[in-house]
Every structure is written in C-alpha cells, then in structure tokens.
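Peer 1: From first to last, the protein sequence lines are chains A and B.
Taking the working numbering, the leading residue of the first sequence gets 195, the next gets one more, and so forth.
Taking the working numbering, the leading residue of the second sequence gets 299, the next gets one more, and so forth.
One or more hints might be untrue.
Under the rule of at most 25 Å between Cα atoms (straight-line distance), these lysine-lysine pairs were calculated in the BS3-like manner [what the hints assert, rightly or not]:
#, chain 1, residue 1, chain 2, residue 2
1, A, Lys211, B, Lys520
2, A, Lys383, A, Lys413
3, A, Lys309, A, Lys321
4, A, Lys405, A, Lys438
5, B, Lys483, A, Lys205
6, A, Lys272, A, Lys211
Bear in mind the hints are in silico, worked out from the structure with no lab data behind them.
Keep in mind that this is a model prediction, so the values were computed, not measured.
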Amino acid sequence: MSPKIQLIGVKKRFGSKVVLDGVDLTVEPRSSLVIIGGSGTGKSVTIKSILGIIRPDEGTILVDGEDVTHLRGAARDKVMKKFGMLFQGGALFDSLPVWENVAFGLIQGRGMARKPARDIAIEKLAKVGLAADVGDLFPVELSGGMLKRVGLARAIASDPEIIFFDEPTTGLDPIMADIINDLIVSTVKDVGATALSITHDMISARKISDKIAMLYGGKIIWQGPTAAIDNSGNPYVDQFIHGKAEGPIKMAVKA
Amino acid sequence: MNPFASIGRATMTLLAHIGRLSTFTGTALAAIVAPPIYGRLIGQQIMRIGYYSLPVVGLTAFFTGSALALQIFLGGNRFGTEAVVPQIVVLGITRELGPVIAGLMVAGRVAAAIAAEIGTMKVTEQIDALTTLATNPIKYLVVPRLIAAVLCLPLLVAIADSIGVFGGYVVATQSMGFSGGTYLKNTVDFATREDIVSGLIKAGVFGFIIALMGCYNGFNSKGGAQGVGNATTAAVVSSSILILAANYLLTSLLFSK
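Here chain B stands alone, though its shape is the one from the complex (with noise of 0.2 Å):
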C-alpha cells in the first residue's frame, strides 16, 4: 500500500465532498430567489423545525442557565466576586451558550430528521418522481427548510436566552440569597444589544447550516435502510462540528472591535 496513494485519495474525497457541497448549496441559494415560493410548505417546516423544538431548546436552556449561575458563584466565591453572577449568566447565555446550545439541540433533532426524510425519498425514488411531475426537487424539498431553519433559529435563541436568564434567576434567588429584583436589574443593566443581536445572528448562521447539512445528506445518501442511517449521522455530526467552527469565526467576527 502506497502511503502517498492513500493520501492523495483522501484529499480527492475530501475536495469532492466540498466541491459537491458548495455545488449544492450555490444552487439551494439560486432557488430560494426564484419563483414559486411555496408558503405552505415554509409553513409547515416552520412548525416542525421551530415549533416542535420549542421544550427541547427551553429545558436545556433552562438548566443550562441554572448551571453556569451555580459555577460562578462556586468559582467566584474564591476570589469574592460572587456578586456579578447576574452579569456573567447574561452575558454567557445571550452571546455564546444560548445560541449553541439551542444549535446543537436543533440539530440533533432537526438535521438528522431532515436526512432521514429526505433520504428515504431519494432511495425510494420519491425524489425522481418530483422531477417527473415537473417539480423542482430542491425548490420543494430544500428551500422551504432552509428558509423556516434561518427564520426560526433566532426565535428559538431569543426564548432560549431569555429561559436560560430566568433559570440563573431562580438558583441565584432561592440558593445563593440573591434578592429577585437587584438580579433581574444587574441583568438588565449590564446586557446590551450587542450581546443580543450577536447571539441571534449566530443563531441565523447555525438555522442555514442545520437545514443545509441535513438536505445536502439526504439528497446524497445511498443504498437502502443503511444509507439513510449513514446520512442522518453525517448529518447531525457534520452539522454539530460546524456549527462550533462558525461560532468561533463568528464570534471573533462579531467582537473583533
């Protein structure tokens, strides 16, 4: 076995992998601009993709928002600074975790169900039978979820960021002897729009990433039951390590002031 061979083969694969994906996504981007627009269907994903992940993304941001006011004022007990944990649990849930954490969750529920239906109609041959009934498949299938993905990401990050708020508020006002409404007014003094608007146009970004990683692998899963299952992985992983990637550019994009 030839080592150079091998690596040239790997990097073949990988260039194929990116070429076929931004292929891809250059012309989900061309058909979401052209005619029809099928609202009915944007309709439907957003119920699916938004709506239905409403409990998932609350309750992790719930806990998630109880968790970081305990480590801080645990951490900052150390060095006596246990007073700004209404500042840090803010500004940590609206700029970095909220967003993620809600990205993360949607994805392993969203993109891997987006891959799963999309891939069972490619291998039953669902999809050919939208290009014989004179339908563009990525009109119909792809657009709508991209669409509802980027709309609805930011609505689930501003009930997320404003849950994972409340659940710092309830740790730190019944077991750190915090007073509810010295909390809830440091919270307000200190966060700023920035911090806010960061996070959801954060969010935007992970939205477009979920419903792309998630079509792009359904449309190319092969084989039968095995395939799809190989897609919705790929589709859930692929779409959770770039959404961590895009929120280290992003974040270093959106505070490089």
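Only chain A is shown next, with the shape it has when bound in the complex (with noise of 0.2 Å):
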C-alpha cells in the first residue's frame, strides 16, 4: 500500500531561524498519525507546507504519490479538494452564518448550488452534534466548544480523504476536549479518511492517534505505534509525554 502523504527531506527556514532541518515522515492510509511537539517546534509549518499555503526552501511532498511541493493555480485547488482542516481558533469566516462556512468548500469550491449545499451543511452539523437552527447563528455567536464543533464539519463537510487538526484540544476544558477527541474518532473513521494532527496534549494524541512522530529541532527525532510510546527508550520523548522542565529538551525562554 503506497503511503497517502509523504515528506522527504523537507526544509524551511524564516530568515536565519532554521524551522524545518529535513523533515521525514510517512502517513499510510486511512491511519491517524499524530505529531507531537512544543511550541515553536514547527509542527503548524510542517502541515501549512503539505497544504501549499508555505513553501518549503529543500525536500518534497508527495500526496497519493504526486508530486505537490511546487504546484499552483488549477493544479494546487484540485489537491486541496482531497483535503480539509480543522484550524486552532476555529478561522471560521465571521461575515457568514454557521451553515454557510460548514458549505463554503461545497459552494465555492465545487460549485454546488446553494440549497443541496444548505442541506448538506445541516446534515454534517448534526453529526458533530449541533441542531439545525445552529446553521443560522454567526460565528460570534458560537462558545469555544461549539466553534470546533463547526469547524470540524467544515472540514468533514466535503468529505475529504485527508483531514488535518490543528491542536483540536487547545483552549477547551477537559470534558470538552475529550468531546472533541471522541468526534475526531468517530468521523474520521466515518469519513474513511486520513488524518494528521499536531498537538501537544499528550491525552488528546493519545485518543486519537494510531501512530505518534515527534518532532524535536527540525526533524522527526522518534516515531511509533501509539502504544509504544511509553516504551520508546527515547529520552526526549519520555521528558514531552510527562512534561518535566529537567530533561534534554532545553526551552529557550527568551525567543
């Protein structure tokens, strides 16, 4: 089985700060792969690179085989039709009501009419839990949990063969995370999809996850099943997954 998304010797750099120093990574379908990381390790580069919306200095970026780390234009848009994501604060259009960002993908990028586009919209909204008359509140209106729920079905709502997850727990209490975590699972497996998430919420990774890759100054340091990751032997991992400050991860405290 050919990997549905690989990277091969990915690098970026903003200025003088190397982000991304070779990045290697493997995700086969319809599998969950999860990397985890602190912040400004360059986990959101990594996805934004696959999704074209940053272009990476060195390497390559196959999806389903295909070469896409150079495309644009027409080529570029029908790559991004096997995608969908789920960003950090939502990014949900605030100039248009719930059900039409949960359509926007159908509506403009495939040019469906709106009405089929409405129902659709109403249809993905229930399967995150939210009833009909959601679709016509604006996203101002919308608590933290209800605005990941909406833009998880935006990005379900084209269903997608890749969904990506941006820190899907970040700012969400406990119960509410594992709300979120337990939709993850259940409509991507719904969807049959393949999905790649960042976090560094080690239960949020752990839930919903198969195979966990962490990424530690620019490159992919260890990656595993989810179940091995106690076991990884690798000192790096062990000081992240039990959030130590004593360990060789060293925090630059001044940026």
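With the hints as a guide, bring both chains together as one complex.
Peer 2: The following block contains the structure:
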C-alpha cells in the first residue's frame, strides 16, 4: 500500500531561523498520525507546507504519490479538494452564518447550488452534535466548544480524503476536549479519511492516534505506534510525554 | 552604526516592498480575468464601497463647491473678475477637486475598512482556511473589491461633480447676487466633455489604488491587533499619497496636448 502523504527531507527557514531541518514522514492511508512537539518546533509549518500555504525551501512532499511541493493554481486547487482542515482557532468566516461556513467548500470549491449545500451542511452539523438552528447563527455567537464543532463540520463537509487537525483541544475544558476527541475519532472513521494532527496535549494525542511522531530541532526524532510511546527509550520523548522541566530538551525562555 | 549600511538596508526594504506590491498587483490582475467570477461578492462590494460612500462624498463635495465659489468670488474681486465664478467652479470641480476629494474620502473610508477586514482574516487564519477550502483568496477577496472600486469611483465622482457645482450655485445665488439661470447657463456652456471625462478617468484609477492598497496591506499584516492597526494606517496613508501622486501624473498626461 503506497503512503497517502510522504515528506522527504523537507526544510524551511524564516530568515536565519531554521524551523524544519529535513523532516521525513510517512502517513499510511486511513491511519491517524499525530505529531507532538513543543511550541515553536515547526508542527504548524509542517502541516502548512503539505497544504501549500507555506512553500518549503528544500525537500519533496508527495500526496498519493504525486509531487505537490510546487503545485500552483488549478493543479493546486485539485489537490486541495482532497483536504479538510480544522484550524486551532476555528478560523470560521465571521461574515457568514454557520451553515454557509460549513457549506463553503461545497459552494465555492465545487460549485454546488446553495440549497443542496445547505442540506448537507445541516446534516454535517448533526454529525458533530449541533442542532439545525445553529446553522443560522454567526460565528461570534458561538462558544469555544461549538466553534470547534462547527470547524470540524466544515472540515468534513466535502468528505475529504485527508483531514488535518491543528491543536484540536487547545483552549477547551477537559470534558469538552474529550468530546471533541471522540468526535474526531468517529468522524474520521465515518468519512474513511486519513488524519494528520498536531498537538501538545498528550491525552488527546493518545486518544486520536494510531501512530505518534515527535518533532524536535526541526527533525522527526522518534515515531512509532501509539502504544509504544511509553517505552520509546528516547529521553526527549520521555521528557515531553511526562511534562518534565528537567531533561535533554532545553526550552528557549527568550525567543 | 555604519551610515552606508543603514542606507543600504532602507533601500533594500523599499525595493522589497515595491517588488512585493508589483507581484501582488500582477497576481490580482491575472485573477480578474480567470474564472470563476463571483457576481454576488462584487454586488456586495459595490454596496459597501459605492453606495455607503455616497453621504460622505456628497457632503464633502457640497462644501468644497461652496468654498471654491466663495474663494473665487473674493479673490476675483481684487481685479474685477467675479463674473467667472461658475466657469472656474465647474472647471475646478470636474477636473480636479471632485475626483481628488472623493478619492481621498473613499480612501479613508474604504481602504481602511478593507485593510482591517482582510488583516483580521489573515491573523485569525481565515485566509489559510479559504485556501484549504479550494478557494483562491486573491480571487475571492481581492478581485471583487478591485472591480467594485473601479466601477464605483467614477459614479461617485459624477455625483460629486454635480453636487459640487450645486454647492457653488447655492452660494453664488444666495450671497453673491448671481441669477440662477445665468449661473447654470455659464456652467453648462463652459464645461467640455474633456473636463468631465478626465475627472472620471482619474476616479477609476483612484478606485484601483484604494482597493489595491487596502487589500495589499491587509494581506501583509502581521501579528495581532496591533498588526491589523498598522495595516489599516498604512492602507490609508499609502493610498492617499498614491492618489495625489497619480493625480499629478494623470493631469499632466491628460492635458498635455
């Protein structure tokens, strides 16, 4: 089985700051990989490079075996249709009501008429546990948990093959975080998608992943099945998953 | 501190800015002709850029026309040329003040609003979200604003021209003893098609500048609330300066014959 996403030697620097220093990563079809790592280690840059929002300086990114590293325009849009993404802050369009946010990819990306797109949006909202009347609210009227749910509904609206989750539980209370984790697991299975998430929440990482990879110093320093993470034998991983201040990872206090 | 180094750095920054702006303009122009055309969004922007600017533009045009009439009357008094008030007012308004005043007012209103809106979308990842939903942000956000602004500004200026002349007319007939009929006849007889059309051409260019600078600064805003604030200020300042510079260039081009 050929990998769904493959990163080969991806490098990215901003000015003199090297963020990604040769990332190699493989995501198998219908699996769920979680990238863990501290703040500012390049987790978001990794995802945004795959999405084409950031252009890597070096390296190759393959999606379904196709080199998408330098795609632009219509060819890029075609690849984008395979993707869905849940942004950390939701990134809902605040000028549009909830249902139009969820239906956005269907209406704008695929040219579907508004009426059937709205029906699909309501159906997707139901999947994430929101009533149909939420569809007529605006994003500013929603609570944090509802924002994530709507963001999730938007991410799955066009039945994507690959879904990206950027810090899905950040800013939620533990109960709501667990609910969102359950929703992620069930919706990804439901759509039959491949999932790639980034988080520093270990509870979430353990719950939603089949495999975990740890990003540190611009490289993947460990990866393996989720069950193996407690016996990784890697001092960096051990320090991170147990959240210890002492260890090989030195947090740069000043940026 | 090496003075040559700081001059060099400033020059590099300026050149980088010009380069980025040129690339942005090129991308936006290419996106205008590529499908799809978002008619619904263009309509929305016409309302926001054109229709809602009417009160501001109308009021400023009225007061500008009346002040212009007053100045020409009082200044002309010194060498006995008060009678040319209607001619100078219509010339000044259509060729120069109508487009410039409307351009500057809309720059303050619209360039700021565009930069703030797009800047906020940028810092809250809404622009990235557009990309992930297979929608080109330039096409979706920039093109409708550019088209609407280029269409609306000439219409606004046509209205500003009429209201400005009317402002002069009110002052001239009420306090300078002009007869209404003579004033209007002198205005209509004197104004040429070239006077009016040149102003409308300027207006179209100003519209382009306003939307472009609003979008460009919004797209390049960094950080949080402060970044959006800076982008808004930069949009208003840069579009106002560019409007005045373009006004001079266009005046010299259009009337060089």
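Peer 1: For Lys383(A) and Lys413(A), compute the direct alpha-carbon distance and say whether it is at most 25 Å.
Peer 2: violated (29 Å)
Peer 1: Checking one constraint from the list: CA of Lys405(A) to CA of Lys438(A), max 25 Å. Satisfied?
Peer 2: holds (22 Å)
Peer 1: Given the proposed pairing of Lys309(A) with Lys321(A), does the C-alpha separation stay at or below 25 Å?
Peer 2: holds (19 Å)
Peer 1: Quickly compare the C-alpha distance for Lys272(A) and Lys211(A) to 25 Å and report which way the hint goes.
Peer 2: violated (32 Å)
Peer 1: Hint check: Lys211(A) vs Lys520(B), CA-CA at most 25 Å. Holds or violated?
Peer 2: holds (17 Å)
Peer 1: Does Lys205(A) lie within 25 Å of Lys483(B) when you go C-alpha to C-alpha?
Peer 2: Roughly 73 Å between the alpha carbons, so the hint for Lys483(B) and Lys205(A) is violated.
The structure fails hints 2, 5, 6 (numbered hints given earlier, in ascending order).
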